[in-house]
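S.K.: Here are the chains, one letter per residue:
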Amino acid sequence: MISFLLDGTEHRLEQLDPNTTVLDYLRENLGLTGTKEGCASGDCGACTVVVTYPQGDALSYLAINACITLLATLDGCQLLTVESLARDGQLHRVQQAMVDCHASQCGFCTPGFVMSMFAYRKSNRHFNAHAIETALGGNLCRCTGYRPIVDAAVKMYEPDASDSFSKGTLATLRALEGLRAEPSTPSCAADGRNFLAPSSASALADALAANPGARLIAGGTDLALEITQQLKQFSTLISTARAPELQKVEQSADTLSIGAAVTYEDCAEILCTHWPDLDELLRRLGAQQIRNRGTLGGNIGNASPIGDFPPVLIALDARVELQSKTGRRQVAMADFFTGYRQTALGAGEFIRTIHIPLPHSDDWFQVYKVSKRLEDDISAVCGAFRLRYRAGTVEDVGIAYGGMAAVPQRATQTEAALRGRPLSQAAITDAMNALDRDFTPIEDFRASADYRQRVARNLLQRLLLVHQQGDGRQLRVSQYRAGSPHA
Amino acid sequence: MRKLPDTRPAHSLISGRAGSATRHESAHKHVSGDALYVDDIPEPAGMLYGYVGLSSIAHATLKQMNLDAVRTAPGVMDVVTAKDLPALTDIGPVFPGDHLLAEGKVNFHGQVLFAVAATSQDAARRAARLADVKYEAQQADLTLESALAQEHFVRPTHTQRRGDADTAIATAPNRLSGHFKIGGQEQMYLEGQIALSIPGEDGSMLVHSSTQHPAETQKLVAEVLGLPMSLVTVTVRRMGGAFGGKETNANQWACLSALLARRTGRPVKLRLARADDMTTTGKRHPFHSDYEVGFDDEGRILGLNLKLSGNCGHSPDLSDAIVDRAMFHADNCYFLPAARIIGNRVKTHTASNTAFRGFGGPQGMLAIEQIIENIAQATGQDALDIRQRNFYGPDGRNVTHYGQTIEQHIIAPLVARLTKTSEYRQRREAVRAFNSENAILKRGLALTPVKFGISFTVQHLNQAGALLHVYTDGSIQLNHGGTEMGQGLYTKVAQVVASEFGVDLSSITCTATRTDKVPNTSPTAASSGSDLNGMAARDAARKIRQRLTEFAAEKFAVPAESIQFANDHVSLGAQRITFAELVQQAYLGRISLSATGYYRTPKIHYDRANASGRPFFYYAYGAACSEVLIDTLTGENRVLRVDICQDVGQSLNPVLDIGQIEGGFIQGMGWLTTEELVWNEQGRLLTNNPASYKIPTIGDTPPVFNVELMPDSPNTEATIFHSKAVGEPPLMLGISVWAALRDAVASIGEHRTAPLLDAPATPERILAACDQVRAARGERQ
Ligand SMILES: Cc1cc2nc3c(=O)[nH]c(=O)nc-3n(C[C@H](O)[C@H](O)[C@H](O)COP(=O)(O)OP(=O)(O)OC[C@H]3O[C@@H](n4cnc5c(N)ncnc54)[C@H](O)[C@@H]3O)c2cc1C
Ligand code: FES
Ligand code: FES
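Protein chains in written order, with my numbering: chain A, 59 to 545; chain B, 2 to 782.
It is possible that part of the hints are untrue.
Here are the simulated distance ranges between beta carbons [claimed, not checked]: (1) Asp517(B) / Asp65(A): 36 to 42 Å; (2) Arg70(A) / Pro45(B): 26 to 32 Å; (3) Pro45(B) / Tyr398(A): 47 to 53 Å; (4) Asp494(A) / Arg781(B): 23 to 29 Å; (5) Glu216(A) / Glu709(B): 25 to 31 Å; (6) Gln382(B) / Gly528(A): 34 to 40 Å.
Rather than coming from a laboratory, the hints here were simulated on the basis of the structure.
Built from N, CA and C at the ideal position, the CB exists for glycine as well.
Same shape as in the complex, but just chain A:
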């Protein structure tokens, strides 16, 4: 059984095709048409809805894309749609602000913006222009040019976030506890297609062994596209979300260990504490809705040549811990990708944890994502650079690129050109030349192979400049934006 709350009403589904998206369920089964479909691929935000779940004695509010969220994965959550907001004929203040600021024209994107803004408001995040852009970057509007939407986000924000939902928090928490207390392995099936959410890592291993044809699903932000775009119907989906081992973030003296099912949203803070330069990457990886669902395990498991975290993890010398019924093993991130969309994962094996060595005091880490559009775009090139700079020389170095080969790949010859040398123009020039030997870039609609090669080289040049100038952020156009000191 899968159970969730829609507003205050319990929905319990035993017979549910696991391939059913939240959007189709809302629009087709429930006739709730306020939530719109603009793309069915997670790219436009028109379908944005909010899920809440207990976090201590409060509720967490997360904006998600209904079009690529599978309904079965909402087990134990509350679902809120644009229809949920107005109470007693009164628009919610987010809605009223959108009206007052003339922030809708055709109105088709509007329910999605309202929901993203609502989640932002309820999440008690920082409030500034940059934060607004981060919260709303996954919602496209073709009509307004966004300026009035920014106005609405400013207008709706008040220090006191209380609203009709605040009053209902206790009741919702109690109802969700009730749902969550029930038998612990959510599952559903229809037409011979099943969904399972095992409640421990070993149960997950068992389930994978018992269902050889099954696919793993974490946030589903990649996997659901196969359903909505390629019209695949998975016969068995096994969720990684319920196994506590895969949800853990742990830190030892020298290692940060992140469970494969931890979302970007939930590991961003600790990652940025150790590697501050990840802040920009994490803001530009997908959009808020994607980061609320997408996981590190999914990013790696997806094995895309243009995934953003693999180059980072390779450069940081991370290891992935794999588990199956026969046990656990660790593989260096750099060895995990064995060919185009091929990995070291054996049959019945899943990614359990990502172990990242913590930085030394002399370590310096930079990551540059280059894409056509700054927000919510896939990288043409993503370069990650880890340098241990001691006594004027590069003592240790890890460099990896995405978008430069069939797999995210370590730049071994480039690294060699820098290792043991001072970080000088001569060394960088050698490294740039070595880079040409390291890679044969891919070519697609995002960028030509030439451009990728050129940019990958230039990122090394930027690395040197940043090194020389201290505050490297001034060297990035992405830092010149609303609310930033440079703008």
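Chain B with the ligands: place on chain A using the hints.
M.R.: Below, chain B with the ligands without anything else, positioned relative to chain A:
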């Protein structure tokens, strides 16, 4: 008759007059999810879902189409191919060439081969993928270059001439020539193409369609079904965006859903998934510009030869008028003493390109702006100075290359004003200083003008109708031929009517555009929506007001001239009664309270054979100043600040106008920066979804974004409340971003080398231009 409760205090000030900053009539419904789009209409019982099968090849003979697997797929109720069409098979809106379903030949990748109806959207989509199609591939023309070289055209080439351009160029002190490529653009309306057809009595059909042109949709549905138009009703309450992409491109889905509905006897909804929508529908035309220009030492243009070649795709659709409009705008704001503008309509085996906000105008304008920029580098002067020096002026410098005289000289004062308010000159210095201190990041600045001709260049389209009912409680129902796609047309026209009757806007209900209320209408396009429909609605309102006035004059024995409609009341000499009271009295006095309204634009004429006349009733002007920052290592960029001044005449609604300006600007910026259409070598569109095709996001909105409406600038023509059209013109303000990016690149070579920066200026193109300028600098040194 029942006494009416008076719901408003007698002397309250009413809201929503023409000119007031009234919110969009549906705003509260947009935010609550209550606004219904076609896909949200409660589904009628027994409804089926239509879908289409698309070709997987760009140019071929259809050898065999085996649809057995489609027919037997779960849930499938009907399958149609070209053979099954009962009547009209070609839905080309002006010229033939757009087959409803492919007949023996495939002309582009993604062409509709057949349609299917099934019991669910999912079943229909799945079934449509099961066709087994055998093609005999033919040589496909996929690029503008190759098709142009072979002179493959969908329509004959057209030329506009003024003076002797060749001699003017030959004798000019300076000459430049060049080639420049301009990319297309996907409309990316957030609501995709959709239609819902419901069969009725006598073979009639009611079609809910997301269309900008209900009358044409109606005509084509009727012709495809073999029905008189009177049996087909097309209705549209609102669209989730259109931007030209639903002017002709909505018709096919309406026709196919109606056909399937007719055949199955059940309602059929046909909605395209995004990737199919983007693959099969037309876009903004990519253009090539080939030019030769002669100019004096101060950069004044003396002669121009310009060849504009638009990639029309496989069929004419609206391309004749679109390329014409590109040619009409090849002067932008600049006087061309001698010019020859040639417009080619190039045929390629790609989806048939169609209307998109600006309708060719933006491409023509960008072509001349690129020439101006080159002249700036050639003469070593600031591009703004070159622009100002070339503006149209009084006497001798006021006639366009198509013979229309420029009567209102707005652009010079407007640009002068913006130069001041944007602090262009001071910032030019600041940009220079920044660039001299920064090796990697470079700033760029540009101020570009826009002059956009208002009227359909196809003359008969410049007409409109309205239907107005006043009910006995004083409430008013308004209907007109214009469609609501977010631009706020319903709001503006309602404001016009509210002003005529002196009533509060809340008295007026806007109803869905329907072909059975106002017939034979024009598309809501060419920025003409409020100009045309506002006038038609005013005509209807004035008819009723006239009847009410005559009735009241007699009944209350006051002179007709003294009767005033204001604040929900009517003043009758010493007496003052509510509007509703007068309406009731008039009803009892057997006065008709319903009227149609009509309008046709005066003054316009154009002789295409001689390429001369007055195609435009008036021009709308504007200018934008953009400042950008580029990274010369990667081509990444940001727009830092934008200042705009737009001439909207006397605004009908300043907040809606500003919304059009901001939205248009960002859309134009997207066209010229991140929005890149890429096809593979087989002619398949690779950027066919928002994951691969990147329109601007909220982070792309400039952190400083100042928009001003040109003050004290009423339209000198007798337009509705002396306003000006605002739908399309602001899109071209986005050219300032392209020019500023180019300026930033040029700064690498101290503005002495003209960067080769085709549009869109993606990071990749910017980096290539940086490298080109760096190389030229290297050679000089
Ligand atoms: C709009 C949009 C924008 C995006 N932008 C970016 C971006 O900027 N950068 C980027 O890198 N990615 C981006 N993505 C891709 C995607 O969001 C990320 O790759 C994300 O990390 C996937 O995580 P997930 O939990 O959603 O994976 P899922 O979709 O659940 O799974 C992805 C794949 O990994 C497998 N998998 C999941 N968990 C495991 C496990 N524990 N062990 C083994 N295999 C597993 C699944 O079977 C599946 O094949 C974007 C996606 C969308 C829709
Ligand atoms: S419909 Fe576009 S993100 Fe979901
Ligand atoms: S208002 Fe039309 S897409 Fe945003």
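S.K.: Please list, smallest to largest, the hint numbers that this structure does not respect.
M.R.: Nothing - there is no hint that the structure violates, so all of them hold.
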